[in-house]
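Participant: Residue numbers (our numbering), protein chains in the order written: chain A, 216 to 858; chain B, 799 to 1227.
Heads up, none of these hints are tricks.
Computed beta-carbon distance windows for the label pairs: (1) H641(A) - E1146(B): 27 to 33 Å; (2) P1134(B) - P662(A): 24 to 30 Å; (3) E1146(B) - G611(A): 27 to 33 Å.
Derived by calculation from the structure, the hints in this document are not laboratory data.
From the three backbone atoms N, C-alpha and C, an ideal C-beta is built for every residue, glycine too.
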Amino acid sequence: MKRAAVCFTLLAAAALQGRTAPGPSGIEALLADLAGYEFGQSREPLERISGLLRESLEDPARLKQIEAHMARFLESDATAAAKDFVFRELSVIATPASAPALARLLEREDTGGMALYALARIPGTAVDQALRKRLPKAEGSARIGIIRALGQRRDPKSVGPLAALLSSSAQGVAEAAASALAHIGSRPALDALTRARRRAPAPLRELLAEACLACADRLAPGDSGRAVKVYRELLAEQLPAMLHARALSGLAAVDPAGTVPLLARALESKDARLEGAAAGFLAGIPGPGAARALAAALETAPPAGQVRLLGALAERGDSSAAPAVVRALNSDAPEVRAAALTALGRLGGAAHVKILAEAAAAGEGAVQAAARQSLRALRDPAADAAIAAAIPAADGKVKAELVMAAGERGASETAAVLVEALADPHLEVRREALRGLRNVAGPAQVPALIDLLTKAAGASQRRDAAQTLAAVLRRLEPPPMDGLLAAYQAAPKPVRLSLIEVMGQTSSSQALPLLREGLKGDPETARAAILALSEWSDPAPLPDLASLAAGAPSPALQTLALRGYLKLLALPSRRSAQESAAMLREALRLAKQAAEKRTVLSLLPLYPARESLETAETLLNDPALAAEARAAAERIRNSLNPR
Amino acid sequence: MLSRRRFLKTAAAFPAVVPASALGRNGRAAPSNRVTVGCIGTGWQGENNVKSFLEEPGAQVVALCDIDARHLENALTQVHARYQNKDCAAYRNFEELLARPDIDAVVLSVPDHWHGIVSVAAARAGKDIYGEKPLAQNWAEGRAICDAVRRYGRVWQTGSWQRSVAQFRMACELVRNGRIGKVHTAEVGLPGGLPDWDNLGNQDRPVPPPRHLDYERWLGPAPEAPYCPARVHKTWRWNLDYGGGMLMDWVGHHVDTAHWGLGFDETGPVEVEGQGEFSLASRVWNAPEKFRVTARYANGVTLKISGGYEDFRRGAKWIGDEGWIWVDRSGIEAEPRRVLTSVIRPGEVRLEVSPGHHRQFLECVLSRRRTIAPPEVALRSATPGYLGLISILTGTRIRWDPVRQQIVGNTAAERLLARPMRSPWSLPV
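Kindly generate the complete structure, drawing on both the sequences and the hints.
Facilitator: This is how it looks when you write it as structure tokens:
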């Protein structure tokens, strides 16, 4: 059976403990409640203590008192689960004053693990000393835990004892000691690790080499000379490729330019992991040297290597590498060509527009996708002018690619060229031009788009032109409406219907009188006008639609108007919830079909008011809508009575 | 050391019947161009990730690993069915999988308390990594992952897949390019509660672990605790030893999106304050079931995160002095509405277009380019969550230095940035 949820806020928790726990801090009573706690029992005594600690954290005197009680609790005969909890809390709040008690518990098998958990987080030399003292006597996993804790604490006095453990044959001890010394990361720690590395057997030697690298990383900010010595020394040794990668990374951080030759050599590695890492490091090194190294390697690398090198060049975005990247476009391997095209998008410019467009036109799959993406992504400010200049002279597929790029880039200087392309003999070019103008056309192109719509050869062309015109007008602020309104007066009916649709997309107050006039027209025009007003972006047409919902000449138009009315009603407005509720009640009265009534029910909870609740409740007895009505009423009630 | 290509060339265990796809037909890349993938963690999100990579023509899933034999078996069956062979290997311990030289990349879908150890080990082994969000169970382990990925030169993609979805990119580009003016507030609405997906929540009393689960290893670096079904699969995230509740489960999505839009990929808050409500309904789950976090940034922006309350609509919303933009998986909205038809012009901020989150990772493995969700960015996105949770747990306001990435003047809070690991587990150096 599901237990009832007991929730309480922090404040409630504090009040709760205040009631049940007398005394200055209240901790004694709470610990007494905790003493018998077992895993699988209610967490209430735990949460009470946590609540008390949260409340006390900024009251040092009170916290000190709590800490002392908690430390004593650990030596009581409380359950292991209760102590486990106290260890965790002490790990956050305890001071070095608890170190002696915790150190005693460190020695016991049943509490050693959690005592270490707590001690590891407590700052101060008293804890360091306690851990060092316990180190020689601890065994197995407990010993490894202490070694690791001393490392994490970066205790300088532990270097000697830890160094002595580097030759230990006990399982995991030498490894843990190496790791701890690496964390400490001091010169003495590095000296100890270096000495041990020179005489260690192979597997341990690698581990010690890694620890030396970690030490060098720590030393590098203040002692770069010593760090560089370590990196270079280890790069000269036969070590696993990833250790060489780490050494190169460290060296590149300290001496970027000086590392370029070594990274260039690593680019020739037979180990793909090292080669890839080197390419990545070179991508992050500023200056022409790194770009030259990558470009030079490109000439001789196998295809997979070329892809990595081109990726690194792309990351750098260094235009000096463009000639090498363009040469890679001649590769027989499509993945290399795709990588080169991608790189051109990052480091290329206006000069590469034609290359990219031709590659997009001739390519397929990944190659075409890369070329298109790069044409879109070129960052050179001159690229848009280059695209605009290239379009008139280009043919067929290449022209279509250029036109597509112009549109996707949203470059307004290409707008005039795209208008010209609307008359291109190739369908693909015309289609892309129309699509592109949605993004780039300004007020100067609107007359041409109106012209295109009014002179369209058929319904399909008219629809495409209307969609583009609507998209342009929606984007312009304010939308230039004069031409559209003038064209309407002179247009035949099919064109007028399209123009009405466009007007609906503009939400322009200039179009409202004309649309209102349309509501009184023939059924087709009235229908188009209702749909247009339903698309409005503000509630201005609400009265028109309300009136039609009540008294349009046909039931179909009434329903259409009601749907539009509900759509606009849901738009953000300054109405009060009561006003909206009244409008929805009226809409419900007019609704004849279940679908519209459902829409009303879905909107009512957005306006939490007594009137909304009453309206929802009128449908509770309607078998088709009772479930939705109950849900709506419940939501409104919840909103009206927040917990 | 045996290279992957050589391994492919010489592998004795080549299947008797070679599927057309393995030869590079059927739209799949040839084996030499395919990224070999090992999946560590195959339950729930792990299973989803296995399926996603199986659908990628540029990937070949060659190994699986899980400490739950049932999860492993289930995933293995799917891989065998997809490839029509039985070449995919199965492991119980991740170290064995990482030791295979023929694996290029690993997909990590393990519980949060394992993220740090497995991720750093994978980077050391030279694997590129697709790692689930949040980056790690705690901030310090997230930091260690970033360092390891950088030091070993690996490619990393965080599972913050909203970055690869067009509407999220569009929203962020509009915000970045000033379409709603100067942004002063971002609101992130998250779910609350501690959902009990498999109805195991009331099985929260200690019982012996099932034989198919290596429970000792499941606990790994977390403190000793007795097994009960509510503690482990899926709902581990409601216990703070393993996860971070709903806050940290979602921080890598909507907070990440909010940060992306704000241009905070390389910075963090200066002050964070949290408040939470805890439930006693479970004997195991101790994460806050409701929470509010407020993070303030040096440039004056305030990020508000709310989970379990009806403060904000689910998703990310940016509010500027000229309007707002809201985005969620269900759509994108703006006020004024015209903002959504605005075109990003040349010279404005354009965010990376991803071909799909898993695919972008695979492309970056081959090209060594930076992914769309690298670890440093994931750590920055998760930081308001880490600090918010610490604020909730300590009841204190947290001051944060976003340059040094340190808590200022709050020792109790500072201690919660990291957690001690149960011996013998530790993060490799």
